[in-house]
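Quick note, the sequences are listed as chains S and F, same order. For the first sequence, this note's numbering assigns the number 92 to the last residue and increments by one with no breaks. For the second sequence, this note's numbering assigns the number 753 to the last residue and increments by one with no breaks.
Keep in mind that the hints were calculated from the coordinates and are not lab data. For glycine and all other residues, C-beta sits at the position ideal for the given N, C-alpha and C. Don't take each hint at face value.
What the hints assert, rightly or not - Pulled a few chain F residues facing chain S out of the computed Cβ check, cut under 10 Å:
1) F72
2) A204
3) D550
4) L554
5) G558
6) A609
7) S624
8) D645
9) R649
Stated by the list, open to error - Computed far set for chain F versus chain S, every beta-carbon distance over 10 Å:
10) C74
11) L78
12) E116
13) Q310
14) P320
15) F520
16) V581
17) G644
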Amino acid sequence: MTYVVTAPCVADYSCVEVCPVDCIHPMPDESGFDNTTQLYIDPATCTDCGACEDACPVSAIFAADKLPKHWAHYARINAEHFTRRDGEPEHV
Amino acid sequence: MSTQVLYETQGEVAHPQSGPMASSNTGSADETVTRKIFCGVCEGSCGLEATVRGSELLSLRPDPDHPNTRGFACSKGLAFGAVRDDPDRLLHPLKRQADGSFARVSWDQALDEIGERLRAIIAQHGTESIGLYQGNSVAWNFGAFLNLFGMAGALKTKHLYSAASIDINGYWVISELLYGSNFLNPIPDVARTDFMLCIGANPAVSHGSMANIGRFRDTMMAVTQRGGRVVVVDPRRSETASLFEHVPIRPNGDVWLLAALLKVIFDEGLADLEALREQTAGHEILPQLLAPLDLSAASAAAGIPVEQIQQLARDFASAPSACAYGRCGMSIGPFASLGKYFLDVLNIATGNLDRPGGWCFGRPFIDLETMMHRMKSTGYDRWRTRVDDFPEVAGTSPVVSIPREIRTPGKGQMRAMLVIGANPASSSPAAGELCAAFSELDLLISQDVYMTETSRLAHYILPPTVWLEREGFPIFTQSHAGVPHAQWVGPTVPPRGEARDDAWIMDEISRRIGIVPADFPGAQLLGKLGLRASPSFLMDVGLRTGPEGDWFGLRPSGLSRKKLMERNGAVKLADGVPVGVLKKRIFTKGGKVQLDHALIRKEMTRMLAFDTTVSDEYPLSLISLRELRSQNTWLHNIPKLIAGDRVQRLRIHPIDAARYGIEDGDPVEITSRDGQISVPAARVTDEMMPGSVALPHGWGHTGGWQRAVAVGGSGYNALTTNRADSTDLPSGNATVNGIAVRVRSLKSFEAAA
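Same shape as in the complex, but just chain S (with noise of 0.2 Å):
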């Protein structure tokens, strides 16, 4: 299981410094993140701690299984994020 970030998120990065493994990307220091209006949740490396969830101001943050169904492609959106080659378009 993992967290996944949905649609309302506004890359505002309060989840990013709560994350205890640093799994939400990209980070203020990488590449991306000054243009980025979305951050995304590796699935590989999230614990499932749900520290992020409280800590998103938008409410943007779901548990997998307990994702909204009008957002429920977003687990895949998060996933392929990491997957990506570098300067290939985010989805739209």
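With chain S fixed as given, assemble chain F onto it according to the hints.
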């Protein structure tokens, strides 16, 4: 005291815990309450929920029930509590000392001394020597807005300046010519359109300007999801452009593109002549106006192939509904007014004005356009400026003229200036010259929450409240909302320290020079009788007697300030923008859009003769860009908004980078005809169109905001000029985009050092 009867707001602002408004909006000290408010950072004006305990702001979150923004807010607004609570914030009036340092003084001392010095200046040079300057933040500050225009009117001074003349003055000119009011501007009906053409705007990052489309990015995404198209025209593959079809364009090429699109539409018989006949007067001029335009010349100036322009014109004209929207990128070049004219004409000539999915008028809950039109506060070219002979725009003079108005002797020479919520020492063109001229003033006053590069030049710095601490309604963006709504809120939290509302400060200064900051007939006489109408009183009268008002009880379902303030949240007025309202809304002759103007013909001639070739000495074209976590000059002091390795970066295409020996991350030197700066890093990226480079403005701070100073960078406006002939001549708007520059890497110098 009779003087306080109508000016009730002032008492409340000074003592927010005791006023009548406070009692309905402020909980007891230990009670935690949630209040629905709106954000005052940018033109998104997003609905927010503030959680407050006593005087403490616990959190800001998006308001899911806000009719327009529906649960959206961005990192800037959510972090704004940190501006209110910033340790670097100025909390007491300050007076500059002989040695240049600042000392804390009482409000009474500051205001009395300012009054005394202003009276002496007025005695010697007249009221017309007093200047006023408003920054962008005044757009969320109705009290300051009213008092500013009121002071200028009462003083009969031409020295009223607005940051709008480094941003959007062309809009104000064209809306006055076409629709009869500077502030009556149609917005794109993105929610219903089949085709959106977006020129020089980046709503995914800016969240919209002159178009308060809630959830702007999502609303644009929905266009393509329902089978429509969104085409983004920008020299940079911006965050918005990367989501849709992107057409790269040379900086300042937009006016050429728009003229060419129209020429194709008229030449190929694609214009909606019925709409033109029905809605406009003077449309016969258009084919004549466009006749001398050569498509290949336009193509070269825009950097877009002729065939692509032709196809875009056909697609736009044949879409069931379409809207062309353009903002900052096409508002700060040498033909900003003409470009805005063509933008509106493109919408009108394709039958999209005042139609679903087209170019529509909003539904403000306070009809400020009509109020200002009746009071003759709006207009164009009713007088000219003293030194540069610029036509006035909505009663203002352009910022480019300030140094010359300070330095040119004669009647009306500016001797004092009151700067409200603005940082022209960073944001104005040829900023160095402006700073030098400022230091020659007899009196400079800055109302600012920070010791900025502007306020450090002032004789007095007066600390204002921030939007969380004062009464407000979205005075500016209410006219542009995609989902029309009404909201009026009291102060969310009390002011910190001795901060006071800008409107109160301006009224107190006005009292000390014997004026009422109001420009309606009889205001000064009433003032002599001890009656001063407060901005909130005036706006409430405007609301209650207007189209959405309760007509003082005659229409109980209507709105009033009291009713809105008692409600915790915004009131939705309609699901979308109205259509079929043109004749009701515009102020021009016969209810028709006026298209034939000598000024436009003159500008077309000027454009056709304009040299668009690239110089060998300065081969690159510099544009500014908006960053996700920044807003003009003033959010660099918030740790959360400058996190990571945020530094000022010059974006440059790999081809140009290779040509000028620049590698990603290199410090670079940028040189224009007017100045030279160095910036900490280059970002080599193919998001730029070759030949153009982009740099965010508003960096390179000095003063007392320590983090903002520490993040470094350089002022964009060391590279720009304030020459009168460099501007968009009809509006005097500064040309700060498309600056010819050359660049070189400073890496070897760094290594040597």
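| Just checking, F/G644 versus chain S, shortest CB gap more than 10 Å? | Contrary to the label, F/G644 does not stay out of reach of chain S, its closest Cβ about 3 Å off (not over 10 Å).
| With d taken as the least Cβ-Cβ distance between F/P320 and chain S, does d exceed 10 Å? | holds, 23 Å
| said: F/G558 was flagged as interface toward chain S. Is the shortest Cβ-Cβ separation under 10 Å? | reply: violated, 34 Å
| Holds or violated: is there a CB of chain S closer than 10 Å to the CB of F/D550? | violated, 35 Å
| field | chain S contact restraint on F/L554 - CB to CB distance below 10 Å | value | At 42 Å from the nearest chain S Cβ, F/L554 fails the 10 Å test, so the hint is violated.
| request: Verify the interface restraint on F/R649: the C-beta must sit less than 10 Å from at least one C-beta of chain S. | output: Holds. Min distance 8 Å.
| Can we keep the F/S624 interface hint, with Cβ of chain S closer than 10 Å? | violated, 15 Å
| Cβ separation check - F/L78 to all of chain S, threshold 10 Å | The claim breaks: F/L78 does not keep its Cβ more than 10 Å from every Cβ of chain S (closest is about 5 Å).
| Would F/E116 pass as off the interface with chain S, using Cβ distances and a cut of 10 Å? | For F/E116, whose nearest Cβ neighbour in chain S is about 48 Å away, the distance exceeds 10 Å, so it holds.
| Distal placement of F/C74 relative to chain S, Cβ over 10 Å | violated, 5 Å
| query | Is F/F520 truly not at the interface, in the sense that its beta carbon sits beyond 10 Å from all beta carbons of chain S? | reply | The assertion about F/F520 holds, with a minimum of 42 Å to chain S.
| said: Holds or violated: the hint that F/A204 contacts chain S, with Cβ atoms closer than 10 Å. | reply: holds, 6 Å
Checked against the numbered hints listed earlier, the structure breaks hints 3, 4, 5, 6, 7, 10, 11 and 17; every other hint is satisfied.
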